[in-house]
Amino acid sequence: MSNPTVIQPNIKKKQNLRNITWTVILCLVIVAGIVAWGYLTFKGTTVTNLNNINPWGVDIASFMLFMSISAGALIIASLPGVMNITRYQSYAKIPAFIGLAASIGAGAAIFMHLGRPERFWHMIVYLRLGSPMSWDSLVIALLLIISAIFLNKLIKFDQGKTSKDTIKKLSYCALFVGLLEGGSSFTYSLQASHTFWNSPAQPVAFIITAIIAGTALLTVVLLLLKSRNYLTVDDKLSEALAKITGVSLITELIFVISEIITGAYPGTIGGLADNSALFTGAALPYFRTELVVVVAAIVIFLTPSVRRNSMMLSIGGVLAIIGVFLNKLTMLVVAFSAVNITNPGAPTGPLAITGSYVPNIGKGYFPSLVECTLVLSIVALVILLLLLGFKYLPLQNKETV
Amino acid sequence: MAKKRMVMVIDVKRCLGCHTCAVACKSGNYLPNKVWWNRILTVGGKDMDTPEGVFPNLKMGFLPISCQHCENPACVKACPVGATYKREDGVVMQDYDRCIGCQYCIAACPYTEVRQFNVSEPEYYLPITKDKIGASAQQKGTVSKCIFCFTRLDDGKVPNCMELCPGRARYFGDLNDPASEVAKLLQSRQYNQLLVEKGTKPSVYYLT
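Residue numbers (the numbering used here), protein chains in the order written: chain X, 849 to 1249; chain R, 473 to 680.
In isolation and in its complexed conformation, chain R is listed as follows (with noise of 0.2 Å):
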């Protein structure tokens, strides 16, 4: 049997800039305060949240962007103690425990910001402890990214910010298995995956 390659795709049709999976994914993973990751990037505009174009001739767009989960990941490669490393399944884990916080994998991802550095201690604007956090607590001085909610896949969930999407604008499937929807999806539309011509081979697929 083929191994699993689980993937993202994403319709940025369908995306209504809504922040709703950034918010989803911040609670659900309980990342500390100026820990995002997964942002909602704007398209065309000058700042976030602004349309393209003049009015009335304007146009609003939408870029989603996390960990690309790549499958010949720069970070992997680069990180010289295994902290980062990829299972099985293709989805690209973060070990905070190992992890010596010297930032070569921010250096060596070629996807700006999807990485991030925990400064300090982390801090929240909501009352979490670290008990209700369990093993995934962010630790001071390590990197952190999306680890496609690793815990509810492995409870055969998905992630979350596929899960609050209002618009339904993420699919997250087993891109081996034929018969899967993120298959069926990719053989029948058009996509586009960012940054192809560094090599890395992303997990994360825009439909167009």
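Here chain X stands alone, though its shape is the one from the complex (with noise of 0.2 Å):
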């Protein structure tokens, strides 16, 4: 590991403007957000492309992108304590930290999709164990209950003010509500109306995603801070996580190619058309993408002489997530555009249009403007959390302090 670096003011000052500047940025980008969801609550879901056919869409596949990442996260900031790399225990702040970050982010996600958000409370008092919805959002609660635990004691490990045994206790616990995430897919796997998602193989996916993305996202952040000389990040560290989501990239992609043939092999209607929708339909955008940047991320993290440049790996991390992202807005377009029912009638919601009547199947899905701009909002949020979170809270490892 190497020496603390002393930070010349003029450097430091540098680094507080661009500090500034990234903050004003995304607070910009956290009002548009705000206005945008004003203008939805206010008009209603007309201000988006989601219809009756296709009632979720990215601000459902934002959500699905930062539990992956809080639950994963949480997987690799219980790793020390769990497998005692007692080297690497001052390190796991880092991702507990972003998993707390992220677990707020998929909470406002799913605020942000509901039709009467002022009825949110509803999920408290009326709350349906029986549903898979309510496992859900038992899984985000625990995720940001356990992680700020964890991180707070984390913190007090490193001031020396908690055991030992506390930590591994509670990695331990963090360990369990990470890989709870592979519960979370039930919301889905559950659901009979959809052959894509009906699959025993979906909470096993839902936790490689989740270290996909968890372990890009501590990547690019740990890359930054080196850069800003927040703290020292050793090359093993960088070469073990590299090749943790390499490898998970990989099986994610066996998973996607598992699904295409188990699609079509019996020839089942469901199937069949599951694998229309990746090739030929509403998917297909989505899917492409989804393949071009797993498949270069895999490129990035796996070939040595690649991932040992700083930028490189960044790219490599930001792909990642871009292709877990797409990887749940493919599964989402791919179901609900896979009808069960096909014969035309009278279209509705959204899909009418006064005067004329047209079949309401594939239409397809592109999320609309305010759609976007609030996923954007959402993702804003998350990066000012972290970047707040690096300035107040004492995250640095006890080699830079």
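Simulated from the structure, these hints should not be mistaken for lab results.
Errors might be hidden in some of the hints.
A short, non-exhaustive set of chain X residues, derived as facing chain R with CB atoms under 7 Å [to be verified]:
#, residue
1, G892
2, T893
3, N900
4, P903
5, R967
6, R976
7, S979
8, S1041
9, I1189
10, N1191
11, G1193
12, T1196
13, A1200
Residues from chain R that keep clear of chain X, each with C-beta distances beyond 10 Å, as calculated [stated by the list, open to error]:
#, residue
14, R486
15, E543
16, P552
17, M565
18, L625
19, R640
20, D649
21, P650
22, A651
23, L679
In this text, a Cβ means the ideal position worked out from N, Cα and C, and glycines have one as well.
Work from the hints to combine the two standalone chains into their complex.
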């Protein structure tokens, strides 16, 4: 591990200016998101491209992404404690904090999606434990609470105020909660309505995408912090994270290929409709881009000469996160475009065009400007939380401090 | 005494494709613009109300579709707040005051578009006020669907769609009562149910 770096005053001044600029930009994006949400609340979902056939879009895909990041980051944060890797224990604060920020992002995304957000409290007073969505809500709540407690104890551990035993116990707890992301997949996989979702492999696929998203964002954050002399990151840690991300990306790709083969081989109506949506239908633009970014990220993470370049590794991290987002979006678009009843009839809701009757199916889904603004504002919110956290929380590792 | 199980039986051979039941449902339930709880889908043709085949060998077919009031409803199991629930007599209900608008029920229901989301404040082509509609008034940001005209059922009447069907293609009653018309029809005629493979056990039967 390298020695602490002495930061020159002029460099520090430049960094502060850069931080302020970023904070202002992020705040502006968040304000744009608040305005868009107000507009959505006032006008209703007519300002989105969602309808009775495609009820979920980029809002739910971003919720799924932030859930993945949160769970994956918490799993990574738990590993030093669970596997007794003491030299990396001090780093665990960073992924624990990422997990906390991402769980707030996931909560914001689901809140924004609700048709009646003011009734959010119904999820507490009328909560039905038999619903997979209730399980999903409990997982977000647990991710939020455990990340916060774990982060707090990790900070205290660095200050010598908490025992190693407590950290070990909390690490197991964090690992368990992180793995609950697999249970979050039941929201989708238990619905027989959509053959594309209805697979027992979904929990494993969700844990894999969580590990990808968590490690990828952690890699990007660590490289950024290293470039700002915030902390030192040894090459072995970067290498280990890159290998975990790369191998997980390959596993995700195997899942995708397996889904396609499973859909095609038996020749069932549902399987063929799903594959048709992937290769020729509504999901094609998302699926094609997902394949390109995932393959590019695999090349970056698993080619030693490429991954040793910090810039390339950061690009790989961003590509992996985009890949997870597109994977989730594709999952939604395929399921909703492969409808079970295809007969033409009177269109409903936003699909209804006054004076003319057209078949409802095959319209696909592309997010509206309002939807894109909302998603970007949540991304900005999570980045802002990370920026503020790294500035005001004692997250530097011991050696750097 | 066995619990009631209210079902609808539709004789598709008698269906004219006139859409009267769709309009009866819309007006009887004061449905806002662009909301159709009951729709008549076309069988065979590429577009609505178009025939199957090539002239002169043409054939017209229709499939009236609305909530299937399933015995094992995916929507009831999915709803996280119990806004979708089943009555004792098997009618699947929607509580607009409790619905949070997550649309998970729409995602869970295999019957495409029978559940519909009120994207904005309900608007009507006719001057209809909330006072006139009463408790069943639609709400912005919530999901709605066919409720088998439960207020009419409670008054001993049949649903609007059946009442006004000119072809008398619809039947409604308690399947658990062997003397009911629906029970007799299902014993004497062949029938289909939609998407039985999804495990929902729908309560709408189509006589073939």
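For each hint, the structure was consulted:
no.	hint	in the structure
1	G892	3 Å, holds
2	T893	4 Å, holds
3	N900	5 Å, holds
4	P903	4 Å, holds
5	R967	5 Å, holds
6	R976	5 Å, holds
7	S979	4 Å, holds
8	S1041	4 Å, holds
9	I1189	4 Å, holds
10	N1191	4 Å, holds
11	G1193	4 Å, holds
12	T1196	5 Å, holds
13	A1200	4 Å, holds
14	R486	18 Å, holds
15	E543	14 Å, holds
16	P552	4 Å, violated
17	M565	14 Å, holds
18	L625	24 Å, holds
19	R640	22 Å, holds
20	D649	30 Å, holds
21	P650	31 Å, holds
22	A651	33 Å, holds
23	L679	18 Å, holds
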